[in-house]
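Number of protein chains: 2
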Amino acid sequence: MSHNINRQWRLANRPKGMVQETDFAYHEAPIPELQAGQFLVRNLYIAFAPAMRGLLRDRRGLLRDRQSQIATVQIGEVMRASCVGQVVASRHPDFHPGDFVRGTFGWQDYMATSGDGMRPTTKLAPSVPLTMPLSVLGNTGLTAYFGLLDIGRPQAGDTVVVSGAAGATGSIAGQIAKIHGCRVIGIAGGPEKCAWLAGEAGFDAAIDYKAQPVEQKLRQLCPEGINVFFDNVGGDILDAALAVIAMQARIVLCGGISRYNEETLPPGPKNYFNLVLQRGRMEGFNTLDYTPRFAEAEHALNRWITAGTLKYKEDIQEGFMNAPKTLLRLFEGKNFGKQLLKIADPPLGGTS
Amino acid sequence: MSHNINRQWRLANRPKGMVQETDFAYHEAPIPELQAGQFLVRNLYIAFAPAMRGLLRDRRGLLRDRQSQIATVQIGEVMRASCVGQVVASRHPDFHPGDFVRGTFGWQDYMATSGDGMRPTTKLAPSVPLTMPLSVLGNTGLTAYFGLLDIGRPQAGDTVVVSGAAGATGSIAGQIAKIHGCRVIGIAGGPEKCAWLAGEAGFDAAIDYKAQPVEQKLRQLCPEGINVFFDNVGGDILDAALAVIAMQARIVLCGGISRYNEETLPPGPKNYFNLVLQRGRMEGFNTLDYTPRFAEAEHALNRWITAGTLKYKEDIQEGFMNAPKTLLRLFEGKNFGKQLLKIADPPLGGTS
Chain A
1 MSHNINRQWR LANRPKGMVQ ETDFAYHEAP IPELQAGQFL VRNLYIAFAP AMRGLLRDRR
61 GLLRDRQSQI ATVQIGEVMR ASCVGQVVAS RHPDFHPGDF VRGTFGWQDY MATSGDGMRP
121 TTKLAPSVPL TMPLSVLGNT GLTAYFGLLD IGRPQAGDTV VVSGAAGATG SIAGQIAKIH
181 GCRVIGIAGG PEKCAWLAGE AGFDAAIDYK AQPVEQKLRQ LCPEGINVFF DNVGGDILDA
241 ALAVIAMQAR IVLCGGISRY NEETLPPGPK NYFNLVLQRG RMEGFNTLDY TPRFAEAEHA
301 LNRWITAGTL KYKEDIQEGF MNAPKTLLRL FEGKNFGKQL LKIADPPLGG TS
Chain B
1 MSHNINRQWR LANRPKGMVQ ETDFAYHEAP IPELQAGQFL VRNLYIAFAP AMRGLLRDRR
61 GLLRDRQSQI ATVQIGEVMR ASCVGQVVAS RHPDFHPGDF VRGTFGWQDY MATSGDGMRP
121 TTKLAPSVPL TMPLSVLGNT GLTAYFGLLD IGRPQAGDTV VVSGAAGATG SIAGQIAKIH
181 GCRVIGIAGG PEKCAWLAGE AGFDAAIDYK AQPVEQKLRQ LCPEGINVFF DNVGGDILDA
241 ALAVIAMQAR IVLCGGISRY NEETLPPGPK NYFNLVLQRG RMEGFNTLDY TPRFAEAEHA
301 LNRWITAGTL KYKEDIQEGF MNAPKTLLRL FEGKNFGKQL LKIADPPLGG TS
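Protein chains in written order, with the numbering used here: chain A, 1 to 352; chain B, 1 to 352.
Okay, chain A solo, but in the shape it has when bound (with noise of 0.2 angstroms):
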């Protein structure tokens, strides 16, 4: 490539159903010029979760939009995304060459920032690997985190399930569980990820729910019913599980993976009033309402990481023209651990 051009994925139409690498349109920008107050970014690693197919959906009629702080990506936009880079030339007084940063970069190699938004650019600490910030300490963590304990308030002796566990927000909301005294059931797809799962992980055990029939195995594994249901994936695996909840039980409606390409909305959960008969509660929630205690959480997983309680896998794809490839991934179940995609090496040195 040549190191004068700026590459970008830019968003080519809005994908009807599954969406697909001609989705978005390759593009050279020239690298942009630096105003004052802003600094250019080298961008190294691009991070991809399934509420990106959100970013691509005309929103219009279906949700009040100004009441959504998610607002779409726009047809002709560059792919928005978090992201590392490190900074390779300022024009502000707090960013120097060198500085590793976390931002919404997006699908590009370079951007010029003043680091505001709605999600300020932070600079990295300098012990801190370049993809931890984008996985277990970036907003796949709190989203555990925060899910998992405020949302499910797990008690010690609970039984939690967790969908899509073998995904980067479910495996570390089981886990944290596990921390909190609690039995962790986990439901993922293929033996390989169930394996990690009650292995590694430590989970009491898994569930593929490409091999076995899930609400049966859930009864089997539940007797006493699901206290906890933390729920990355929605249609027919929620429902299972609404079918098996205890007394007072709390779903976290986190992700729903499985419609998140329908192009037309799929039935909602059958046994939604099992929440009435055994006085459930299932509740929604966004990472972004608890910025004020991201310190806590991080300090949390810091914790666990170091004392080898909490394990995360990342799945690091390469280069800057997979990029679309890669966010296909996440939905054909491909991913094993959180998704990252690394685009360059640090051009000013560094630990990685």
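Treat the hints loosely; a few may be bogus.
Intra- or inter-copy, both count: the list cannot distinguish identical chains.
[Claimed, not checked] Heads up, simulated DSS-like pairs for lysine-lysine below, C-alpha to C-alpha not over 30 angstroms straight-line:
#1 K210 / K270
#2 K217 / K270
#3 K270 / K313
#4 K334 / K270
#5 K334 / K178
Hints in this document: simulated from the structure, not taken from any laboratory. These numbers were taken from a predicted model, which means no experiment stands behind them.
Take the given structure of chain A and dock chain B to it, following the hints.
Showing chain B alone in chain A's frame:
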């Protein structure tokens, strides 16, 4: 009728789909003999509620029986129901002939009881009209009170929407929301009910679901979104409300009359995922969990009735032989206010 027999309606078979009069069998039994510690109640008023449909269902496989506190009625058993009656004979130290009592006496003229059980028999305060402990001061009023205030947590200025709003629980829930400074919109069937809601009951607006497109009307009437939805209906109406929820909305799952007579589980709310996008909460509850606070609720309800800020409606049918037909009125949308059946006048005199 003879005064020597105890007329009863017993469950003849489990209804398939919509409950029918023929699902109950008329039976004449002898008036029960009193054991030591028992008293004999002459039943006067029988209360009806949509959730009674659940008593007729075979729950095996549907729910985890030993967790559910709701025991179903067995074939051949007298149909269970809350009633008000008068003690006509007693071998119990605390209950005396002439006392008016509320208890689970069922669809029959007489019951011999010790007054114990999950819902103990209670004596009525002398000044209380006989039907009130079955309607606004009964389970109905308590359910509205705890469901709205504890699960819905309305704030002054909130927009509160109630489905089944002309029903016994819904009409009280909506008025309690008005008392707490909310804007309240009721959904009900037919112009007569809607006129009562917007008139005597003081709702800010009413939507006639039989004549108007509910979701579209909700969007018009709730430009800032719904903060609290108190649901007695489920189905399409729950879905319409979920489409219009505001940030941090609370969905109080009180009932689901649209599904009680379905033989197979109908689809769930396809808009449930708005709970994630809007960080909403959907929660069931059981009034029995609030037993320690019943006195608080009864005191508040009484105060509002006395002050004239809480109106309640009773739909009193007459004649014991009409018990099955009276239950059906609930599912035909015929009742307007709390559905009661008067089966006798007080045998020993007394106010009503």
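Outcome of the hint check:
| no. | hint | result |
| --- | --- | --- |
| 1 | K210 / K270 | both (21 angstroms within a copy, 24 angstroms between copies) |
| 2 | K217 / K270 | both (19 angstroms within a copy, 25 angstroms between copies) |
| 3 | K270 / K313 | neither (34 angstroms within a copy, 33 angstroms between copies) |
| 4 | K334 / K270 | both (29 angstroms within a copy, 27 angstroms between copies) |
| 5 | K334 / K178 | within (25 angstroms within a copy, 52 angstroms between copies) |
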